[in-house]
Amino acid sequence: KQEVTQIPAALSVPEGENLVLNCSFTDSAIYNLQWFRQDPGKGLTSLLLIQSSQREQTSGRLNASLDKSSGRSTLYIAASQPGDSATYLCAVEDNDMRFGAGTRLTVKP
Amino acid sequence: SAVISQKPSRDICQRGTSLTIQCQVDSQVTMMFWYRQQPGQSLTLIATANQGSEATYESGFVIDKFPISRPNLTFSTLTVSNMSPEDSSIYLCSARPGGNEQFFGPGTRLTVL
Numbered sequence: 059k060q061e062v063t064q065i066p067a068a069l070s071v072p073e074g075e076n077l078v079l080n081c082s083f084t085d086s087a088i089y090n091l092q093w094f095r096q097d098p099g100k101g102l103t104s105l106l107l108i109q110s111s112q113r114e115q116t117s118g119r120l121n122a123s124l125d126k127s128s129g130r131s132t133l134y135i136a137a138s139q140p141g142d143s144a145t146y147l148c149a150v151e152d153n154d155m156r157f158g159a160g161t162r163l164t165v166k167p
Numbered sequence: 091s092a093v094i095s096q097k098p099s100r101d102i103c104q105r106g107t108s109l110t111i112q113c114q115v116d117s118q119v120t121m122m123f124w125y126r127q128q129p130g131q132s133l134t135l136i137a138t139a140n141q142g143s144e145a146t147y148e149s150g151f152v153i154d155k156f157p158i159s160r161p162n163l164t165f166s167t168l169t170v171s172n173m174s175p176e177d178s179s180i181y182l183c184s185a186r187p188g189g190n191e192q193f194f195g196p197g198t199r200l201t202v203l
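Respectively, the protein sequence lines represent chains H and R. Plus 58 on top of the position in the first sequence (first one is 1) and you've got my numbering. Plus 90 on top of the position in the second sequence (first one is 1) and you've got my numbering.
The hints are simulated quantities; they were obtained by calculation from the structure and are not laboratory data. Predicted, not measured: the structure shown is a model, and the values here were computed from it. Heads up, the beta-carbon is just placed ideally off N, CA and C, and yes, glycines get one too. A couple of the hints might just be wrong.
What the hints assert, rightly or not - Between beta-carbon pairs, the in silico distance windows are: (1) S111/H with L203/R: 45 to 51 angstroms; (2) S127/H with N172/R: 46 to 52 angstroms; (3) Q112/R with T63/H: 30 to 36 angstroms; (4) E176/R with S127/H: 38 to 44 angstroms; (5) C103/R with P167/H: 36 to 42 angstroms; (6) G188/R with S111/H: 16 to 22 angstroms; (7) G130/R with S128/H: 27 to 33 angstroms; (8) D101/R with T63/H: 30 to 36 angstroms; (9) S110/H with M121/R: 18 to 24 angstroms; (10) T134/R with Q109/H: 23 to 29 angstroms; (11) S128/H with T134/R: 23 to 29 angstroms; (12) D125/H with T201/R: 38 to 44 angstroms; (13) S111/H with E176/R: 39 to 45 angstroms; (14) A137/H with R105/R: 45 to 51 angstroms.
Let the hints inform the model, and build the full structure from the sequences given.
Have a look at this one:
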């Protein structure tokens, strides 16, 4: 059964810093991996989707990479801002969609 | 992309009652998904709802407790029946309007007293 792990569970950084969030999964036979953002008490906002044949996707200050063979993905956030404060979830899809527990990011002004 | 709305956004209910959550997608979709997110936890899939057929439930979830309707290609409801405080969660619906990218509604925050 696929297991998805996100490290760290929480991260606090000063504004302007570049940061990396990590996601690992146990079964490399995935169709795709998706990164989401969740604000407190809210739904999920899709950030980036990486197909299994792709190695990375970029959107603005966000860059997500995928290394299927090692079962890892990273979400890179450049020049972080207080508005980036949220929980970031990764989800992998094989026959089902499995979510990690998330990384709670706080960007301090 | 897709715009997904849910009603109600939140509710406080008494033990033993039922609540029906509505989910509307702004485009036709084959499958809709219902998730539960318990406090401090990640998302757990409850069931997948296909239009015109019975919903498919994940292990640990049963139709009597979480009946689902899917009357057309843009709408679904999830009922949380005979509620207990353990059902206090955020309930989220999602869909894939095209391709593999999954979109979520804003969630329904349920508190059971």
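Worksheet entry | Hint numbers contradicted by this structure | none
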